[in-house]
Each structure stands twice: as C-alpha cells, then as structure tokens.
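Undergrad: Letter by letter, the chains look like this.
Number of protein chains: 4
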Amino acid sequence: MNITAFIGSSRQHSNSELLADYVLEGVPHQKLIIKDLNIQPIHDLRHDAQGFQIVDDDYDQIIHALLTSDIVVFTTPIYWYSMSGIMKNMVDRLSHAIRDERFPQLKEKLLTTEAIVLAVGGDEPKIKGLPLIQQFQYIFNFLNMPFSSYILGEANKPGDIANDEQAVAQAALLNKQLKTMISTL
Amino acid sequence: MNITAFIGSSRQHSNSELLADYVLEGVPHQKLIIKDLNIQPIHDLRHDAQGFQIVDDDYDQIIHALLTSDIVVFTTPIYWYSMSGIMKNMVDRLSHAIRDERFPQLKEKLLTTEAIVLAVGGDEPKIKGLPLIQQFQYIFNFLNMPFSSYILGEANKPGDIANDEQAVAQAALLNKQLKTMISTL
Amino acid sequence: MNITAFIGSSRQHSNSELLADYVLEGVPHQKLIIKDLNIQPIHDLRHDAQGFQIVDDDYDQIIHALLTSDIVVFTTPIYWYSMSGIMKNMVDRLSHAIRDERFPQLKEKLLTTEAIVLAVGGDEPKIKGLPLIQQFQYIFNFLNMPFSSYILGEANKPGDIANDEQAVAQAALLNKQLKTMISTL
Amino acid sequence: MNITAFIGSSRQHSNSELLADYVLEGVPHQKLIIKDLNIQPIHDLRHDAQGFQIVDDDYDQIIHALLTSDIVVFTTPIYWYSMSGIMKNMVDRLSHAIRDERFPQLKEKLLTTEAIVLAVGGDEPKIKGLPLIQQFQYIFNFLNMPFSSYILGEANKPGDIANDEQAVAQAALLNKQLKTMISTL
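Heads up: the protein sequence lines correspond to chains B, Z, X and H, in order. Take any residue in the first sequence, count from 1 to its spot, add 60: that is its number in our numbering. Take any residue in the second sequence, count from 1 to its spot, add 60: that is its number in our numbering. Take any residue in the third sequence, count from 1 to its spot, add 60: that is its number in our numbering. Take any residue in the fourth sequence, count from 1 to its spot, add 60: that is its number in our numbering.
Read the hints as simulated data drawn from the structure, not as lab findings. Note that the structure is predicted; figures quoted are calculated from it, not measured. Worth double-checking, as some hints may not be accurate.
Identical copies carry no separate label here, and so any pair may be met within one copy or between two of them.
[As the list claims (entries may be wrong)] In silico DSSO-like cross-links for lysine-lysine, where the CA-CA straight-line distance does not exceed 27 Å:
#1 167 <-> 236
#2 95 <-> 236
#3 167 <-> 217
#4 169 <-> 186
#5 186 <-> 236
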C-alpha cells in the first residue's frame, strides 16, 4: 500500500506536519514538501484554442504521487481559514493535470485513491475550519475520490499540536486503522 | 472615495473581472491584476526570533492599495470551490503585512475599509461557493473590516457571466449604491 | 403551472411571507400556512417491525401540495440560524411521507418539483443563513429535487423586508422569471 | 457540577442518546427527554405591544435546567441535516425565555454554561452535519455561551453508533475530561 503525504506548510516541522507524523507513525509513506517544489500557479487555458500548455516545473512529481498512491494525505496549516496558498496552487493545477494528455489514466486512478485531510489552525479550527472541510469534500466529490476522514487540530506555537488531546486521539485511531489495513493486505 | 479591485483570475477578461466591471461601471477605481504582480507565498516566521523578514517582491503595492482605499473588491474565480491560489497567496501574506513595522497604521486603517467579494464559478457557485463566503467572513471578522456585500456568479465559458441574470441584477444594484455613495460625499 | 408556498412563520404577515408575496405577485399560487395546520413531530419508526403508523393530523395537506405542485416555495423566518421549528417538523415528516404506502408516487413526483427557498432573518442572514441554505441543498439533493434558487433577506421589525434592496431586487427578478415560465407554457 | 443532557430524539434508546451515555458514563447528570415534554412552538411576539405571553406547557423545565446546570449537552439525531424538529422547537423558545421577566438571571447564567453538542446521523454526518455545527456555534455565540466541543457520529440502525470508532474514541476522551473536571472541583 502506497501512501503519500502532501505537506502544505511554509514552516519546517510545522504543527500540521507533526499531526501527519502522528497519523503515519510506523506506516510506510513518502512525504512531498510542497514548499520545496517549484509549482507554478494555474494558467486557466481551458477555453483556449490550444488548451493547456506544458509547464516546466515540478508538478509532475505531484501527478506521479497521485498515480502511484493508494492513500493521499492533504496536510495543511489553516491560513486565513483555508488551505495555504502553496497547497492551493497545487490543487488549482489539478484542472490542468486531469486534462493532460500525458496522463490519460489520472482521472480513473483517482476513483480509488483514498483522501485524508489534516488541517491545523490557531483560531477555533474545529469550527472555523469547517468551510475548508466542505471545500475538500466538494473537491473529492468532483474527482470521485473517496474522502475517508479528516482531523482538525488546534495549535499556535511550534509543537502545540501535542496538547490537542482530541486531535492526538483521532490521529492515534487513524494510525491504528492504517496499520490494520496494511496488515490485512 | 478610493476603490481598489483586486483581480485574482489567471485569465485576462475573466468572468470574475467582467463582474467587477459591471459593479464598478462609471465608478472611479483602480484595478490590481494579481497575476501580473510578483507575490511570494507567505513564509510563516511568526514564531521565529527575528520575526518576518522583508520580502523583495511587489507586495507593497497590495499594502499601499489597502492603506489608501475606502472600499476593496476581492474579485476571484472560484477554482476548486475557493479563491484562486494566486489570490490566496496574496491573502496569506496579510499575516506578515499586519505585523510589518513599516506599516504600523495598516490594522487601524482596515477597520474602516469596506470589503466586497465577487466570485464566479462554473459548478453550482451559489451553493458550492458558500464555504468561500464564510471564509471571507472569518477573514474580515479577524481584521474587523466591514463586509458589506458579496455576489456569487455562475459562468463557464468566457463572457458567460452576462447570462447570469441574478448576478447581473445584483451587480447593477451594487453599482447604483456605489454611485449614490459617491454623489453624497 | 401549480405553485405552493409553504409559510413557516409563527407571525401573520411576517417578513418572510411578505418576501414570498413579492416573488409571487401576479403569479397564481396557493399558500399553506404551516402554523395553522396540526402537524405532529416525526416519530422515527423506520426500524420498527411495523414501520411508520398513520398519523391523524393535517400532514396529508402537505403531501397533497407536493404531489400537485410544479414549484414549491419553502418560506421561513430564520430562527436561531435555521428554519423555524414548525417548518422543521414539517420537513422531518418527509421521512415518513416518502415511505407512506398510500403515496407511492411521491418520490418520483419530487424529481420534477422545483424548490425555491426564501428565508428572512435579523442577524446577518446573508452570512449566518448560509448553513441553512446548505442544509436545504442536502435535503433537495437527497430527494433529487431541482433547487432552482434562494433569497436570503434581512429584516427585524414587521415590514422591514421592504428595505432590503438586494432581496427586493432578487424577488423582482424571480417574479419576472416565473411570469415568463407561465406565459411560455 | 451539574450536567443536563437534552435528548432530542423521537426514539427511545436512540443512537444519539447512546452517544450521550458514552460521554456521561460514570458522570452524575440528569437527562431531559424532550419528546416526553409538552413544548409548544414559539409564537414570535417580540414586536407585539404586550410582548410574549406565558405559555402553559413544560418549557419551564428547560429553563430550570439551563439555570442550574454548569454543562448542557445538546443531543440530537440529525434529521434532514439539522437538529430534530422537537429540539428546534425547544431552541426557538429561547427567544421568549431570554425575555421572560420571571427569569431575569437567565442570560447572565448562560455566560458560564458550557455547551456540548452530540449529533448522530446516517448520511455522511461528519461532512453533511457541519452546517448544523455552524448553526450551534452561531446560537452559542449569540448567547455568549462557551461551546466547548462537539461529536458527529454515524449510525443508521439502532445501536449502530457503537461501530463508529472515531465517535466512540471522542466520547471516551470527553468522558475522561469530564471526570477530571469533577475530581478537581
């Protein structure tokens, strides 16, 4: 079972990344740190005669991860009540990716790629993070990806997520479920 | 009365920009086309000993617009059910801007800067755009900016917004209200 | 074309009812004033061996309206950020109605029954009424009813809705669209 | 420490009530089964010259519970994506209660009454129950009640809630926290 965690923070060892570490402890996975990749914003050419043009950046690494993972974990700090801009640019580019002739199998692959969302914020994330979860739901619905679970964590200072008992308990449970999935393959 | 429209689309003459044109027809304003500016993603250094560092890009134009406008119009296509990544990066940088020692007056200025949101999407925007509106509400609440109104428009192909009778009617009404405000100054 | 407006207010001539009057001015329709009907809360017997039992109240009038209308207008004051309890009890009973052997055609009929929502509140309804709209969307989705439009109006004192220019403009547009639909039958 | 659980289900031993039992296991509390009380829908007389009139039903039991509890647990099945109609009628009557001259201390008491929400549904409650949580947040905000936590559980058949590992884990954690609060009084 292949698992990829997309890490959308602008900080190293961010609280959201720590939450992903709790969820994936002892579970084989790869991390893609989005801020370390060169990802251009979408240029919407859906309605252009030539359509989308190949972009010379690192986005193929994202597509490759989507094509080879059974589970993808969208891990993001909550900046201004939604995902970080760097993760949003990654998501926006999906409009191009699902039309990219080099990857005709992408849309079908996603039908069986399970999505998990981990989001950590400092301003009442368990309430004010709900619109973000609804948006992820719409995103996965559009792509027909199964949205298996999400955790909203609360943290301000580096490392704070360890004090959010509820998020830590949810992460432990998800970790157990992932380990069960692996052992029963 | 100064009005700035931030345009968050990746296309020229996008439907969202057209909607802004309806709202601002005959009303003096400036446009800031975000995709034509060099705006770096936020690097969250709130918890760093040195704090945020000066970023060498065009963001000061955004701050200048915020400091000099009575009304700001956040105009964005709805990409994947939220604002475009380029607009999100602009918003994310507010975390730095409101702590920037060069602009100590910014936070106080925003208390009286009226915010308008115009968002146009192709997939049931009047429903699936609601989480985006809730997020803008949280953003303006955090900044204590008055959130005076929003319009959710539906459009797919270039120019389609002209066919959304409801959005066009709302834009006409908002246009009338803006003209009244100007004439009574 | 048959149109039924369900009126969910506890007051006569409520602001929400006035908004319905704007929308339906000059358009043939019937009104069902829910507070004047005897409607029992749902008793959830889905999992009971005998299933739902016939309830001796006025709910058949609701079912009859659903079976004979091309358009239904859910008109409700926003009490505590959602529909009124009397309208909620009416909605809850749909769980029984769609399983009622006396009305086997109800579910199929609803597939072509257009739904409109009019909701009026006093505390920032255009923002804080959005969860209510999302719930109606889930309701109509579940029933596969087309959800054609909604208006969120702001009003406190009796008659105040007349001062909500945006709601009045939206009502006028919807009124025009309904008249066009009728004239082109 | 006084705890009251308001039970909004129309079934005995409903899944939502079971979830409350998990949360309150070993914790002294009282339950108010709303369906067993006679609670009239609100009659909105805020704008009437005489104001609200005394209603001859069991609502004073609700008010009494609010006046004497340190924690109140709103426990509801998710019917049609929001709280049950019987619980909604109870909530609607708060508009009267906070203006009731017989209970001038109610509004102030609520400032320190902690609210917990437990909601159980069968159709993707962890996503489609989010508007309900947002509404409760608006309600508690209006009343200035601290909204300490919520659990969204998934269940269809009687007893199913026991299979929602995440809800059960959250309930166990909340139970532990309540016991700690009691022991440190």
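Undergrad: Hint by hint, which ones does this structure get wrong, listed from lowest number up?
TA: As far as the earlier hints go, 1 and 2 are violated by this structure, in ascending order.
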